[in-house]
Amino acid sequence: EDLFENEGAYRQVIAGVYANLALTGTDGAGSSNIEGIDAGTSQFGRVLLYMQTLSADQMIWSYENDPGTREIQRNIWTAQNPLILGMYSRAHLTIALANNFLRETTADKLDSRGASESVRQDIVAYRAEARLLRALSYYYMMDLFGKANFGTEADAVNTVLPVADRAQLFDFIESELIAIEADLIPAGANEYGRADRGVAYMILAKIYLNAEVYIGENRYTDCMNYCQELLNSGYTLATNYKDNFIADNNTNSAVNEIIFSIVSDGSTTQNYGPTTVMINGSVGSLEVNGVEVGVVQNGWDGALRVRKEFAELWQGGNFGDDDRNTIISANRPIGITDIADRDTGYIIQKYSNVTSTGQAGVDQTFVDTDFPLFRLADVNLMYAEAHLRGGGGSLDVAVQLINDLRTRANNPNLISSTDLTLPFIIDERARELHWEAHRRQDLIRFGLFTGGSYNWAWKGNGSNGIAIPNHFNLYPIPNSSMSSNPNLTQNPGY
Amino acid sequence: TFFGQSKVTGTVTDEANALPLPGVNILVKGTTTGASTDFDGKYSITVNEGDVLVFSYLGYSKKEIIYNGLSPFNVTLSEDAGQLDEIVIIGYGTTTRKDATGSVESVTAKDFTKGNIVTPENLLQGRVAGVTVNTSGAPGSGSEIKIRGGSSINASNNPLIVIDGLPITNDNIGGSRGILSSINPNDIESFTVLKDASATAIYGSRASNGVIIIVTKKGKSGFSADYDVQFTFGDIADQIDVFSGDQFRTIVNSQNLPDSFTSQLGSANTDWQDEIFRETVSAMHNVTVRGSLFKALPARFSFGVTKQEGALLTSQFDRRNLSVALNPSMFDDHLKISVNANLSYEDNRFADSGLIGAALRYDPTQPVYDPTSPFNGFYQHTNGGTLLSGTTNPVASLLQTNNLGDTERFFGNINFDYKFHFLPELKAVLNLGFDETSGWTNNNSVFATTDDISANKSVGFQNRKNQSLDGFLNYKKTFGDIEADLTTGYSYQRFTNDGFFSGNQLDPLSFGDTYADPDIVLIGFFGRANFKFLEKYLLTATYRRDGTSRFSEDNRWGNFYAGALAWQISEEDFLKDSETISDLKLRVGYGVTGQQEISQKDLFLSRYQGGNNNSLYQFGNTVITSLIPSEINPDLKWEETKTLEVGIDYGLFDNKISGSLNVFQKDSEDLLFDAPVPDGSNFSNRIIQNIGNLRIRGLEFTTNVDVIQKEDFSLNFNFNATILDREITELAYGQDVTTGGIAGGTGNFIQLFREGEAPNSFYVYKQLYDNQGNAIEGAYVDLNGDNIINEEDRYLRADPDADIILGFQTNLEYKNFDFAFNLRANIGNYVYNNVDSARAQYDLLQDNSVLGNIPTSVLDTNFQTTSDVINSDIYLENASFLKMDNITLGYTFKKLSNVIKSVRVWGGIQNVFTLTEYSGLDPEVFNGIDNTIYPRPRNILVGANIKF
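Chains A and B supply the protein sequences, listed in that same order.
At position 192 of the first sequence (counting the first as 1) the number is 192 in the working numbering, and the numbers step up by one without a gap.
At position 360 of the second sequence (counting the first as 1) the number is 360 in the working numbering, and the numbers step up by one without a gap.
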């Protein structure tokens with residue numbers, strides 16, 4: 001209670017809710033407020049990247065002695081997996097922090113503390129943002145696990161929470177995001193590091209696009225509406241594709257494209273999050289090209305590579321000059337038959353810790369590069385997909401939006417309306433949005449993740465890929481999470 | 001009959017060697033009149049003829065003699081093997097071994113383990129059943145002390161250590177090697193180990209893991225002086241086998257490495273372990289003077305200097321101790337005051353033992369020095385002048401690191417022991433204790449790196465304070481056949497801790513940090529009643545109520561109690577005259593003790609934590625100190641351990657054979673355990689909760705045998721055996737919890753807590769072997785039969801704790817020679833060989849961009865890839881061992897002159913041998929995971945003790 005006598009504390013506490021997306025603890029990148037997983041690995045964007053990208057056809061992690069990675073990238077995970085635990089717990093921690101903020105900022109509490117008018121003004125937006133971040137967490141829980149421990153500010157700390165299923169979560173996310181719209185700061189207008197209406201629109205567009213998966217309903221029209229809302233919100237594509245993925249992506253032209261990012265700073269916001277991992281990890285074992293991307297020469301010695309199927313998306317001559325194609329293939333076979341052999345398989349250089357003016361980041365391990373969780377290019381692609389799936393909009397606009405991305409990437413091969421098909425969309429999404437934690441969700445929506453219609457390298461634990469059962473469309477509820485909440489039941493198949 | 005009072009004088013000598021015994025207590029039986037002998041064994045006392053004089057001396061048989069009127073009245077005392085009348089220190093008072101109802105073992109100076117003892121706990125090593133002391137090879141290093149394996153999982157497993165009435169903290173301080181390393185073993189008079197609940201319950205809240213009571217040496221009225229010196233010459237006995245330069249060239253060339261690696265092979269043959277380890281010379285000097293100041297104030301002064309070199313290059317431990325004990329008595333001995341003050345300075349230079357790993361890894365075909373090197377003349381892997389990524393030269397790292405730690409510790413107590421004038425049966429004791437340690441660390445190092453920051457300069461300071469006040473009343477009186485001994489008291493203790501660390505001052509991104517822990521306050525009220533009926537039946541009841549600041553007001557107080565019954569069977573008529581059985585006592589005790597020592601100090605409070613300078617968030621263009629609420633558990637309460645023990649103390653053949661046998665079961669309930677909470681309901685996914693049960697069952701056996709006890713020839717041995725079994729009987733939600741982090745992978749672990757199993761059981765894959773018995777790389781048994789090898793196929797096998805622990809010491813004295821050695825064995829302890837599991841694979845011949853050495857054990861497995869094999873049970877080994885820790889031989893020159901009373905010269909060997917099947921360096925590791933330990937050197941010792 002003493003804390004809030006200083007009214008600046010409200011801003012610091014809402015910053016704490018945001019911080020849980022970027023940081024794992026309060027004492028540096030090696031500290032963590034959740035357990036059962038390596039501290040640095042428990043960063044929100046990192047586990048999200050593992051869940052959505054490492055589990056699919058774009059990425060390989062060379063060091064399978066890092067617990068959980070082997071099972072995720074070979075699709076043989078179980079409820080013991082620490083990375084799955086990390087995802088479940090980290091996202092729920094945001095929910096707990098948001099609920100705490102909402103409990104501490106009720107009208108009654110503000111009255112009793114005699115809060116000033118100016119801080120009450122700020123708190124309106126802060127509360128909306130706390131609800132937004134809570135909805136964001138529930139969105140990922142709905143997508144990855146199909147259920148969540150369902151707590152709101154009405155639930156006291158340290159209680160056993162009820163469980164919401166996919167449909168209940170869908171309803172909650174939808175109604176919350178619509179309810180807070182007025183209180184949120186207009187899209188693109190909030191200060192750096194905070195979320196605004198654009199983020200709410202983005203989550204809504206995403207849940208409507210995937211509504212057939214989540215609740216078996218066709219909501220493409222709703223998706224289209226929010227895509228249009230976003231396209232009309234003043235966002236513009238960054239001048240260069242790579243501006244989105246470099247050290248100054250918080251100040252360069254990407255600020256107009258990135259709708260929400262996970263903050264990283266080599267000095268003040270150090271984390272082992274997705275950008276630190278991808279920039280250090282994609283330094284090649286043969287290339288030793290760390291200095292080029294602003295980290296130590298050898299980076300993490302070839303920790304990350306791409307799978308054959310992703311590499312093949314760039315073959316065929318049309319993508320030689322495409323800025324999105326950052327593949328380095330010299331002296332490397334395209335296939336990976338031994339995951340531990342870091343000299344096989346191609347590597348990419350999508351992310352970098354160097355600014356648009358060529359300055360290396362302040363630290364050679366912890367990068368300055370923010371992780372673009374949502375960006376406008378995804379809206380372009382969602383628009384086209386929603387249109388193809390019967391959500392309305394215009395075909396010409398859809399083609400134009402795709403070509404805008406290609407033009408921005410300096411790829412002269414523009415598409416025509418006949419090229420715009422769903423199979424094209426899933427591939428183009430991979431080319432535009434690879435390593436941005438979308439892939440598993442996209443493959444599931446296209447029916448390609450489980451089953452045997454699309455077998456990528458190491459899917460199902462075979463070097464050439466084998467079918468996996470449908471229950472892998474959802475992750476299992478981690479054992480310890482389930483045991484501590486008797487209301488939870490395990491997902492079928494696990 | 002009336003006899004006239006007279007003043008009698010006399011001399012008390014040792015029956016065995018006729019040397020005078022200083023400090024013998026003499027009491028006129030049935031009165032409070034007493035005296036003690038001076039250094040020359042002389043005493044004087046006022047007695048009536050016909051009075052019974054009681055002569056007692058620690059370690060000697062008590063003698064009761066009717067005064068016959070003669071003067072001088074000379075008496076001889078003989079050493080008592082059984083030590084039935086030995087005074088045994090128990091919490092807040094004393095008893096005798098004969099009257100003890102609990103499991104209490106004491107070890108006094110003459111029984112201490114002999115050898116190169118730098119830190120006090122090693123005096124106890126292997127001496128007491130159920131007590132294990134595991135010390136690293138680093139100079140002056142701290143130890144892991146456990147009594148009966150430890151009764152907790154996430155809360156502390158350390159015993160409570162009480163020095164002269166002051167319970168000390170288990171938390172070490174920056175700059176020091178350990179909580180006991182600043183204490184001079186030479187100042188210690190005795191250790192008493194309290195093991196069962198009936199003995200420990202008087203310390204209630206902190207007694208679950210047993211109590212070690214240390215009493216320091218006191219002042220005596222007779223003058224004596226003592227100079228003790230010892231030199232130690234150490235050398236590493238064994239190394240981990242890695243490839244030599246020549247072997248390495250062969251292996252690298254046979255492994256199909258890219259040219260960029262094979263071209264790096266050098267022509268040298270460097271044994272990097274030889275380069276980082278050294279032969280050491282260490283010395284200890286102690287000077288002790290005892291005597292009466294101003295002929296009235298018994299005092300003891302001691303000064304000790306210890307200088308110990310570590311086997312690892314540059315590591316060093318220096319200590320200076322000054323200790324003063326004053327023991328005045330006033331008002332006709334009604335008020336006894338005891339003042340102990342100890343000042344200690346510890347100067348350390350720390351060497352990073354992680355560099356042992358670097359030495360195993362470093363390319364043996366490269367030289368240590370390279371005159372052309374830009375890295376201060378040390379060879380480093382470079383390419384065109386740029387450093388290549390990979391392990392850096394460990395000799396360079398050691399020599400270019402100057403990591404110093406200096407601590408200053410003052411501890412001591414003042415004890416007032418007042419026997420009421422009007423009621424001599426009642427005494428009041430007040431003990432004030434103080435312990436303050438300040439530690440400074442200062443690190444200046446240079447390292448080879450491609451980073452911009454190639455040096456570290458940091459300083460730190462830490463201060464810990466521990467203040468205690470204990471007061472109690474004790475009433476002792478005999479009512480007919482009943483002897484009553486009643487104690488009641490109050491205890492208060494406060495611990496503080498604060499300090500700062502500068503961070504690397506040469507790194508603009510590194511920040512300093514100042515911290516101050518919340519104070520810990522512990523308050524206790526206690527009472528104990530001892531009754532003895534007919535010299536045969538003993539009853540003890542103990543109660544303690546404790547409060548801790550670690551828990552909320554509602555849960556703060558815990559009640560702990562114990563009761564014990566003992567039956568001195570040998571006092572019964574049917575045994576009283578037995579020639580065989582000289583002593584037989586049956587004990588039964590039950591009690592409940594508590595545990596509150598967890599690392600969090602205010603988990604029950606709602607708190608917010610701000611990020612440090614690297615853990616901030618950004619709003620707009622400014623960084624903001626984000627505040628994150630900390631995990632909270634307002635319901636936290638005491639963990640309780642219930643102990644049931646049945647014991648027999650025995651003595652045979654006039655106590656030539658004596659010892660005890662204990663059987664016990666400890667059940668720790670409401671374990672303070674780090675267990676999952678429903679996600680989203682708290683500010684973490686696991687918090688410390690009172691959940692789970694741990695059961696420890698054990699059997700302890702001790703025997704002391706006086707084989708020969710003659711004037712010129714004595715031989716005795718002590719043997720102790722412990723059988724111990726720890727099992728988690730209940731865990732939160734029946735849920736497995738991973739533990740035991742290992743090298744090789746980020747966040748990799750090898751152990752598990754699981755219901756029904758021993759804590760820290762190893763969690764491994766079951767290795768598959770081909771027909772020839774060779775392990776197949778990465779092939780494991782599909783234990784759940786689902787055709788997929790994943791986490792579900794790991795199984796639990798063995799645990800790090802020994803099932804059986806044995807200790808054996810023997811002392812032989814023949815004329816002026818003395819000879820002693822000790823043996824220690826652990827049976828059934830398993831070790832996970834992390835040195836091999838994370839290193840012995842051919843892929844690791846590539847160390848980032850350079851070549852790296854690997855253990856030769858790779859030849860046994862031919863394994864290629866670490867990640868395929870690291871969790872295999874092939875690396876889990878039975879590490880049972882038999883060790884001879886020390887062997888010493890001494891010769892004493894007696895009565896050399898009027899000034900020099902005696903000179904003993906001696907020599908010995910420490911770490912004589914280890915018999916084990918374990919393939920790693922040393923089977924005795926911490927927590928069952930062997931990841932390059934600081935090796936324990938073999939030491940040759942020579943020393944002398946001169947008495948004046």
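Among these hints, one or two may not hold up.
[As the list claims (entries may be wrong)] List of simulated lysine to any residue pairs, SDA-like, C-alpha gap at most 25 Å:
hint	chain 1	residue 1	chain 2	residue 2
1	A	109	B	606
2	A	308	B	606
3	A	206	A	217
Keep in mind the hints are simulated off the structure, nothing from the lab.
Only a predicted model underlies this, so the values are computations on that prediction, with no experimental measurement involved.
Evaluated hints:
A C-alpha spacing of about 16 Å is found between residue 109 of chain A and residue 606 of chain B, which places the hinted pair at or below 25 Å, so the restraint holds. Between residue 308 of chain A and residue 606 of chain B the CA atoms are separated by roughly 51 Å; this puts the pair beyond 25 Å, and the hint is violated. A C-alpha spacing of about 13 Å is found between residue 206 of chain A and residue 217 of chain A, which places the hinted pair at or below 25 Å, so the restraint holds.
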